[in-house]
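Input sequences plus hints: build the corresponding full structure.
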Amino acid sequence: MELSAADQAAVRALWKKMGTNVGVYATEALERTFLAFPSTKTYFPHWNLSIGSAQVKALGQKVADALTLAVDQLYDLPGALSALSDLHAHKLRVDPANFHLLGHCLLVTLARHYPGDFSPAMQASLDKFLSLVTSALTSKYS
Amino acid sequence: MVHLSNEEKAAVTSLWGKVNVEETGGEALGRLLVVYPWTQRFFEHFGDLSSPSAIMGNPKVKAHGAKVLASFSEGLNHLDNLKGTFAKLSELHCDKLHVDPENFRLLGNVIVIVLAHHHGHDLTPTVQAAFQKVVAGVAHALGHKYH
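These protein sequence lines are chains A and B, in that order.
Position 50 (the first sequence) corresponds to 50 in full-length UniProt numbering; numbering is contiguous.
Position 55 (the second sequence) corresponds to 55 in full-length UniProt numbering; numbering is contiguous.
Hints in this document: simulated from the structure, not taken from any laboratory.
Everything numeric in this text was worked out from a predicted model, so none of it was measured.
Check before you lean on any hint, since a few could be wrong.
Okay, derived cross-link-like pairs now, BS3-like style, lysine-lysine, Cα gap no bigger than 25 Å in a straight line [what the hints assert, rightly or not]:
(1) B/Lys83 to B/Lys96
(2) A/Lys41 to B/Lys133
(3) A/Lys62 to A/Lys140
(4) B/Lys18 to B/Lys96
(5) B/Lys88 to B/Lys62
(6) B/Lys9 to A/Lys41
Now the structure itself:
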């Protein structure tokens, strides 16, 4: 799977439109993930995971920053996300299925907030982008 | 069987009452075929699927999507017995149509995304969570008779 030039352009355009709000949407995506897929909460046993949690907001900003980094380096996602892949593989040890669940909730969030931009083609480009991010994040998993 | 609280059932029913089932079905199936192109394998006889606009405008896609979602809609009336409700359809999808049940999970998530797209204000995190239970239950029921 590869991002075509059209896919890259679409993702970059939406990211530009989101501006400084990427953190807000990543936080909403995390909140949705914890509610819709309770097994994902097992990675945060000591956290407050309720809506509005400062801890989730901080994590949302980290996720947003990583995705923005990825958007800036679409030509080399494994390289861009190498350090994060090490972290998730060896320290956090997050089962890869969970990235897919967060990706789905991010699509739900973006569909809500950018209905005019969320055409089927845009959904396809975003879905591909998030799949490639997941592949890059799991590239160091043994 | 899907375990929804009374509040969740009310939320699902309330949002579903606002949904144009025919249009939403066509859009959901269309988006499935666009976003996951390998799913087109079941619809080679549908004519032009060569681009997103061809897919979304294809009358056979719209009609079939409407049919699929009408069936899903019926399932919402039988959340306590999804396996029984979808038993015959499960056999059909296994024995005659040869559809990988993974496709039911994919379509279920696309339905949730289409709801977010058109009813974003109503699809709060709690309502989404209820719908995720429903689509998972329907997908599971549809795969239940596979052998």
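Evaluation of the provided hints:
A C-alpha spacing of about 19 Å is found between B/Lys83 and B/Lys96, which places the hinted pair at or below 25 Å, so the restraint holds. A distance of roughly 16 Å separates the Cα atoms of A/Lys41 and B/Lys133; the hinted pair therefore holds under the 25 Å criterion. About 20 Å separates the Cα atoms of A/Lys62 and A/Lys140, which keeps this hinted pair within 25 Å; it holds. Note on B/Lys18 and B/Lys96: the hinted pairing is violated, with a Cα-Cα distance of about 34 Å set against a maximum of 25 Å.
Distance check on the hinted pair: B/Lys88 and B/Lys62 sit about 23 Å apart at the alpha-carbon level, within 25 Å; holds. Between B/Lys9 and A/Lys41 the CA atoms are separated by roughly 23 Å; this keeps the pair inside 25 Å, and the hint holds.
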